[in-house]
Amino acid sequence: MINEERRKEIISRLNKIEGQLSGIRKMVESERPCIEILTQISSIHEALRGVGKVIMRNYLETCVTEAIRSKDPQKADETYKNLMDVIYKFAK
85 MINEERRKEI ISRLNKIEGQ LSGIRKMVES ERPCIEILTQ ISSIHEALRG
135 VGKVIMRNYL ETCVTEAIRS KDPQKADETY KNLMDVIYKF AK
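Taken in order, the sequence shown gives residues 85 to 176; the numbers are from the numbering used here.
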């Protein structure tokens, strides 16, 4: 679960990203130079990575920590597998 403070932070970041996407649409419609559009796309990529970092930290602090403390080997193994999968996806 994501705590309320982090949830607010994530939603705020996602709202900003939505605004950036809308801005890119307007840039394309108004035929702005490609380099300007690409720069904005790069900014959105970084903003999304920031959201991912917040959610990853939450996952580590809650789900992974809980699985380790549970002393349930099956739960820990499944959590580690999920963690490795998400790290691999996130590192691309």
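Among the hints, erroneous ones may be present.
Said to hold, decoys possible - DSS-like mimics (lysine-lysine), calculated; alpha carbons at most 25 angstroms apart, straight line:
id: 1; residue 1: Lys176; residue 2: Lys137
id: 2; residue 1: Lys100; residue 2: Lys173
id: 3; residue 1: Lys176; residue 2: Lys165
id: 4; residue 1: Lys137; residue 2: Lys159
id: 5; residue 1: Lys173; residue 2: Lys159
id: 6; residue 1: Lys137; residue 2: Lys173
id: 7; residue 1: Lys155; residue 2: Lys165
id: 8; residue 1: Lys176; residue 2: Lys100
id: 9; residue 1: Lys137; residue 2: Lys110
id: 10; residue 1: Lys92; residue 2: Lys137
id: 11; residue 1: Lys137; residue 2: Lys100
id: 12; residue 1: Lys110; residue 2: Lys100
In case anyone wonders, no lab produced these hints; they're calculated from the structure. These numbers come from a predicted model, not from an experiment.
**Asked** What hint numbers does the structure not satisfy?
**Response** Going through the list in order, the structure violates hint 9 alone and respects the others.
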